[in-house]
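There are 4 protein chains.
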Amino acid sequence: MEPDLQLYSVRTDLALEAKEMAQGPQRTPIPGVNEEVEESDGIKVTRLGVANAAGSQAIGRAIGNYVTLEVPALRNGDTGLQQKVAEVFAREFEDFLTRIGIGKDASVLIVGLGNWNVTPDSLGPLVVENALITRQFYELVPDQVSPGYRKVSAIAPGVLGLTGIESSEVVQGIVDRTKPDLIIAIDALASRSLERINTTIQIADIGIHPGSGIGNKRRGLTQEILGVPCIAIGVPTVCYASTIVNNVLEMMKNHFGQGAGHTKEIMGMLDDISEQERLSLVKEVLEPLGHDLIVTPKEIDEFIEGIANIVASGLNAALHDAVDPENVGAYTH
Amino acid sequence: MEPDLQLYSVRTDLALEAKEMAQGPQRTPIPGVNEEVEESDGIKVTRLGVANAAGSQAIGRAIGNYVTLEVPALRNGDTGLQQKVAEVFAREFEDFLTRIGIGKDASVLIVGLGNWNVTPDSLGPLVVENALITRQFYELVPDQVSPGYRKVSAIAPGVLGLTGIESSEVVQGIVDRTKPDLIIAIDALASRSLERINTTIQIADIGIHPGSGIGNKRRGLTQEILGVPCIAIGVPTVCYASTIVNNVLEMMKNHFGQGAGHTKEIMGMLDDISEQERLSLVKEVLEPLGHDLIVTPKEIDEFIEGIANIVASGLNAALHDAVDPENVGAYTH
Amino acid sequence: MEPDLQLYSVRTDLALEAKEMAQGPQRTPIPGVNEEVEESDGIKVTRLGVANAAGSQAIGRAIGNYVTLEVPALRNGDTGLQQKVAEVFAREFEDFLTRIGIGKDASVLIVGLGNWNVTPDSLGPLVVENALITRQFYELVPDQVSPGYRKVSAIAPGVLGLTGIESSEVVQGIVDRTKPDLIIAIDALASRSLERINTTIQIADIGIHPGSGIGNKRRGLTQEILGVPCIAIGVPTVCYASTIVNNVLEMMKNHFGQGAGHTKEIMGMLDDISEQERLSLVKEVLEPLGHDLIVTPKEIDEFIEGIANIVASGLNAALHDAVDPENVGAYTH
Amino acid sequence: MEPDLQLYSVRTDLALEAKEMAQGPQRTPIPGVNEEVEESDGIKVTRLGVANAAGSQAIGRAIGNYVTLEVPALRNGDTGLQQKVAEVFAREFEDFLTRIGIGKDASVLIVGLGNWNVTPDSLGPLVVENALITRQFYELVPDQVSPGYRKVSAIAPGVLGLTGIESSEVVQGIVDRTKPDLIIAIDALASRSLERINTTIQIADIGIHPGSGIGNKRRGLTQEILGVPCIAIGVPTVCYASTIVNNVLEMMKNHFGQGAGHTKEIMGMLDDISEQERLSLVKEVLEPLGHDLIVTPKEIDEFIEGIANIVASGLNAALHDAVDPENVGAYTH
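Protein chains in written order, with the numbering used here: chain P, 389 to 721; chain C, 389 to 721; chain B, 389 to 721; chain W, 389 to 721.
Treat the hints loosely; a few may be bogus.
Which copy? The list can't say, so a pair holds if one copy fits it or any two copies do.
[To be verified] Calculated cross-link-like contacts (lysine-lysine; reagent style BS3-like; alpha-carbon spacing at most 25 angstroms): (1) Lys-432 / Lys-652; (2) Lys-567 / Lys-492; (3) Lys-671 / Lys-641; (4) Lys-652 / Lys-641; (5) Lys-492 / Lys-472.
No lab work stands behind these hints, which were simulated from the structure alone.
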């Protein structure tokens, strides 16, 4: 399998991280990028808007809307918190749909990207498994569908190694035949930061771009390609060994820098070179040995199930008015 | 969920059973239907040809070619026998392709029909999981593919209740975009006979017709619909409670009939009415109570894995010359 | 594998069925057996007490207490009903403990009998997986355990074919070392009646006897053997093909008998022989052919998960006062 | 859950790593520790003997025998190589038994430690699932067992969080009742080195000591505790984030040290402090943030299945003369 070349830079799938890197430690505002932050109950919601080409170029992200939920405590596996996050996610997703002009009746195709045989890459298929599917009722008994629902279908197209077919090909074939008004694509991501793994959810209206997520997507899922709007929901579930090292060296720098101020003495050049240079150093060492492994926390089985339930419950409540946000859990396994 | 009305007659998905029913106990030959039987090592292979409209009408099956493997001993779960059956299946399937004019280079899309969450309906998805997939190499590195392989892709399209989309829609979308030369569709079937469950494999070049198999397919997968030849591979994995009763009454009739000849005394009217009438009687009793359950043997988990391995191994060897029929098992889990 | 000889009579694991068979169609009361029936919301609860040797002999069951929940509508997979049944089960189980003199502080070992690789036999292991386990806290941090809980441990000992060890040996070893005050053993059963499969739960304080349940237990789990009280919870999940036939012939008899009265004409001798004789006739036909399969409904995967959730939720609420019976579901997956 | 305190030093479960650390970069021989290395086909076998107290103290390992297989290429998932490693493992294990005086007829209890719900901790249960179990035949039909087999039973005792019972309690209960001559305990380990994850297998006759492996074992499985010899088979499947960082800093040191010689300039103090000090520094930074995650490679599902097959196949061939080492794979799924 060829390497995921795109990942071999301080690349991130999260707009929030891209913005932070562009801002630098001073957190200087970026023209063309607006931001709104809200936090309560340990759930931090950041709504980013990349309004124009200048903003887009500054942070290396497409023009569009991005919402990020950060919930560090999700790592502790608290069922009550998961329920709370599902409710916030549902509300944010519903607002997001309104903001980008998707109506209550728009039919939806949920696409669960990823490989069900690889636990950290199985988020998409798991969400599909728990989504509330209704399209068949609209097709077979249209006059018997209760109000408060909309037409939702879902597919987990698999990955190239399992099917021999690009997932985007499978999706496009289905879009051509079933004509949904909106695609929602779920994907597991690689994180630039150890602490974001399994604790962060991103919603974006820019679709899935080639090379994003885990695995190597050669073709994307975007409005340009599919002809319908495409919202991407992503959760970081893995990171590179080199990312961990780089990340920890940064923490060490901050840690020792705050104290005595002789970071340079402790860390040598590793202290004052840029993050990009430092990561290159780390890779220079790891790659020839084939040791730049992609890793995931030991507890990934439980994490991925928890996050998939949050996303599925949240989507069910956001897409169907008849599904009560306080009781979203009841519709998933 | 609406009932599978088509199953509510002495219906069968096996051409061999349809032929036997049409022939009656005297086994009179049927004009327009030719038959070739071969048996060795406990594996009985029947090659049926329905040559013309007369034959088709007589047995209620489409004009076409049908091959059936019957292996009663498969019920015992002997690994050595499974390997042997995989080899015979591979050889028969390869001959079948030649007979119906499919060349060595024809590209193939394997379609695994059925619901992976329902064990007796998971045959198709399991075969897909174990099939040797190569299309991606032909697309990405065409000049590096070794000789002895052909282009194979595979998809398990799920069922209407899981995806909201007819499996035939999903398949047609993929066929439109990837243009395979041949479809091979795998499906679990309902059996008319208790002893055929998990011991019989049918190959047919007539595709999948609406209402066949487990679940209620509203649209088929046929050459007419898809525009490419479609071979169906089916294995009976379930039967109706009423089928069992009817089946056993038939066995009782034979059993007591052979002995003293007073079957009538023992079984009353159940002895001399037609099979169709008797089944109606049984249904008349069971259906109003909601007790005409579809059942499967207790050991279905192990059976379905064994049969899926046979079919996947056999297909891998039949489709790729480079895969050795004696060692087909190595390519599956 | 040797046959389950015990099952080859009109045997049943349900005391309720044994009583009904002993009573005959007239439902004559049986001395030494008292009965209390309550029904609401489609849930029928029968509390049987076998008070003395006469009662025991009459129905062929050990002296003891038996509670049966019958919920025909469970077959429809309604989540709301499952929740309701879990609550009733919790209440009945709590009363049962009181009735047989088990205190609030009695420590419990839950034993999940059966084979996790055979879906209809996996009830016990599934309940264990979802039980609220607390013993480790009492052992490690006894002063930090909140009130409202008791000491609960759990084990799925596997089956002889998987481990080479009788499950009763494994349990006895654990009992010797951990000294629980009570054993609760969960087991899947064979049913005499098609309609009881997956719709009936039995609680009994007589333990598990050799040859009961699915699989062939050579040693039991009883107070005599283990030295502590042993409650058995059982759910029928399979039945024999011969049982189905016998069952349906009985239904036919009732059906035609009610109408014109010429059942004899229709069914011959099958009409007026005893159930036991009829079953022998059926077996005489099926067994030599090896066709007396043990079968389970096609939807067993979903059924078994639903019933396991009911039993686990119910047990969690009944065993721990701190677990709210209205919210029992939250503690299981 | 309390932290695994024992892991918070440059601790390793591998005797080979302990020896290398004790030797230092000069690889000076250690009195009381003898070593034999053999390498072919990319499989490196190291046989260590810790002969006396001096040797034991020098490397911090119990007196005993240790065999390590290192196969870096296992990371590539080559089926042919897996087969080869299973054969070498079988041969080494058989020799190991002979060396420590275990006879051909010694009965064996295989113990699969770990949590089947946590993929990187599921090695033990997976090996148990694939082991060839024979004890039941010796118990039930002793005169019908073919020559070339021995009495083998197996159990996966679960973990404290799942059962409420220490796995050692479960095992001791079973040992008390079934009296095996030998215990073979399989466990997943934490590695000190990124490159050993999923590529190394250790055999040792010192049993399982408290605090070894993944999870926090409070009691061990040793001859002292159980009264029978106990062989441990371990495979590293996870490591700490801090281990990765420390490991990479070591690689950087070597990398830059070889070149220009100005490592100090690049890495500051990180260059010349001891490994132990460096790891402390890293932990000082990571722990307060709760970021010293235990991680595993993204491909863990496939790795663990591959390694479990190797160990199970190898054990089956080593324990039963009738199982052919060239065909060991056929006995596992």
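### Query
Is it within, between, both or neither when you check Lys-671 against Lys-641 at 25 angstroms Cα-Cα?
Cα proximity of Lys-671 and Lys-641: in one copy and across copies (19 angstroms, 14 angstroms).
Is the C-alpha distance from Lys-432 to Lys-652 at most 25 angstroms within one copy, between copies, in both cases, or in neither? Result: close neither inside a copy nor across copies, 34 angstroms intra and 41 angstroms inter.
Within, between, both or neither: how does the pair Lys-652, Lys-641 come out at a Cα-Cα threshold of 25 angstroms?
both (9 angstroms within a copy, 17 angstroms between copies)
Copy assignment of Lys-567 with Lys-492, given that the CA separation must stay at most 25 angstroms = within (16 angstroms within a copy, 36 angstroms between copies)
Practice task
With 25 angstroms as the alpha-carbon cut-off, assign the pair Lys-492 and Lys-472 to within, between, both or neither.
Solution key: within (24 angstroms within a copy, 33 angstroms between copies)
Checked against the numbered hints given earlier, this structure breaks only hint 1.
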